[in-house]
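Chemist: These are the residues of each chain, in order.
2 protein chains.
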Amino acid sequence: MKPVPSFTRGVAVLAFASAAFAPGFAHSATLGGPLTLEDEGAFFVNGRTVTSNFPGASLVTGPSAPGKITVNQMYVHYRIPAAKRGAPVVMVHGSNHTGMTYETTPDGREGWATYFARKGAPVYVVDHAGRGRSGFDPTPFNQARDQSGANPASLPTLLLATHERAWLNFRLGPSYAVPFPGLKFPVEAMEQYTMQLVPNAETSLAGIGANTVNALAALLDRIGASAVIVHSQSGVYGLDLVRRRANLVRALVTVEGGCDGFTDKDAASYFAKVPVLSLWGDNSVGAKQTVNGDARRNGCRDAVNAIKAAGGRAALAVLPDLGIRGNSHMMMMDRNNLQVADVILKWLAENAAK
Amino acid sequence: MKPVPSFTRGVAVLAFASAAFAPGFAHSATLGGPLTLEDEGAFFVNGRTVTSNFPGASLVTGPSAPGKITVNQMYVHYRIPAAKRGAPVVMVHGSNHTGMTYETTPDGREGWATYFARKGAPVYVVDHAGRGRSGFDPTPFNQARDQSGANPASLPTLLLATHERAWLNFRLGPSYAVPFPGLKFPVEAMEQYTMQLVPNAETSLAGIGANTVNALAALLDRIGASAVIVHSQSGVYGLDLVRRRANLVRALVTVEGGCDGFTDKDAASYFAKVPVLSLWGDNSVGAKQTVNGDARRNGCRDAVNAIKAAGGRAALAVLPDLGIRGNSHMMMMDRNNLQVADVILKWLAENAAK
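Protein chains in written order, with this note's numbering: chain A, 1 to 354; chain B, 1 to 354.
To be clear, the hints were calculated from the coordinates, so they are not data collected in a lab. Be a bit skeptical, because a hint or two may be false.
Here are the computed lysine to aspartate or glutamate pairs in the DMTMM-like style, where the Cα-Cα straight-line distance is at most 20 Å [stated by the list, open to error]:
| hint | chain 1 | residue 1 | chain 2 | residue 2 |
| --- | --- | --- | --- | --- |
| 1 | A | Lys-84 | A | Asp-342 |
| 2 | B | Lys-68 | A | Glu-164 |
| 3 | A | Lys-68 | B | Asp-266 |
Kindly generate the complete structure, drawing on both the sequences and the hints.
Modeler: See below:
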């Protein structure tokens, strides 16, 4: 397999990006049709007030004097279509991403957030607690700076996927800059894609990912029973959310999310009445060079079987088995992203209807 | 002056927040009317690929191996109304905030982003480079963690406004939890408000705020001549943007933005053909306990006068002089935020029309 010329030659990529996003392009081509919203906006859930002794620089007066700060909050952006029908759909991104995952694709096509809204779903897109517009806690970093006695080895790790790592883990190809044959991820827009990657700053919060689970529970308490789509890292958050709010999760769609820690007791106690769809793209069978391969998918296969054995509804869908080929781990951005969305919408209509 | 009971009593605040955001409230009450969008979505500008030796933990293989990362990028969220008319409006937030500044108000009313769109403007809301969905560079923090010889005193400062500092600097009152008489900021929703504050992580990027100026220039290159609204910290970014793209800034509205460094040469060279409105709220005259008081406003008064002397169009508008009282530094969130928006829209119609 040969590298993609337009991606490996930086200048060519930039030339493409400029052409693709020239005035007029994005605004005539992104949405598949007009979107009339009854409501649109944003709010937060799950914030907690704590005292920080290091909210900034080493000053004890002025802007960085100790005081109260808010942590653990989660940003929620909602779109409520005028022609709404059915349950709300909550969309949760994965590691190193934000809610941008579900907005416009890197190459400027419509994403799942507006597509689902145009299909009638009230859509709620979140940024994990500690990520994106949800902010993070700067205290440990400022403390390391200000206290000469502090041990910087105890600082939280702020993991950001390198381009090379993203290529492998998000299953664009078998080695960096080499795409899988027939790959549907828009690699010519790789510059746009890598601009949406952010550090996993939730490590700055006590509880780390548990804050996002708590926040999702608070969100469902507020908006009512919803279908929840989780992706990759947030697969296990989705499982925890069902353990916490089985009565408020109308259905769980886990897009290549992991199923670590799932037990037969979970199946019997929480999942017997919560339909689960575990969705997988192409090139994941036999994939050894990525976390998003056999081991993760087989864990979900076992979870799906346990749910069925407990009398629940669950399905493991590997897209090539449905005749849909070339999808990466980032299938909400792939060229056929709306075809994949239709698979989810059809499954929701059949399984998550009241 | 007495403290606001509902804010200083935490339980009462939570009870209010729950009631205000019960299902049905937010979705019937936020927008002032339906919004039909020709297009809506997001993209990035100004990203740069660099090599990071510390993209994560102290591993030399696996997810944290050195590699290429993208820095300096700026997230742009756009709403293009079906009934669009006039120039695009770019909305830029201030210190410790993100584009959430211009979305739904803390107490669940319509913000400027959708209001301007419903009035016909294509609206582009950004997150500063290094803030919110624009991400930041984790390298210096990971390096301090991993290298025992590194000097943590050289770490970038991640300033987050404490609640106490926000109260003073954003001019909610003369001392913490004591509101100005007649204040129009919705202090009963202070919990929601403080959840939108984020650390100023642009300090992790070489150039710090200059990346946002570069990104705004790239945005105007892409979308064409636009009116630009800046706020507070980004006041000086707006001035720099005019210095860089005078031909693409249809008008600059600086909402309590600073005018530091403005010169007569700037007025003559760049601002003679770029109308400027410098807008100020209440309680800023004589305010000594805040950066957003006399000194900052008087700096802009001098800039406005210099622009007029150079033959340009500029105005300093102090809202109480227009009979509009009680506005804080966060006037886009105040109870009369749409009345303030109308002041801007009227001024734009009179001064920024082609």
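Chemist: Looking at the structure, which of the earlier hints fail to hold?
Modeler: Violated hint (a single one): 3; every other hint is consistent with the structure.
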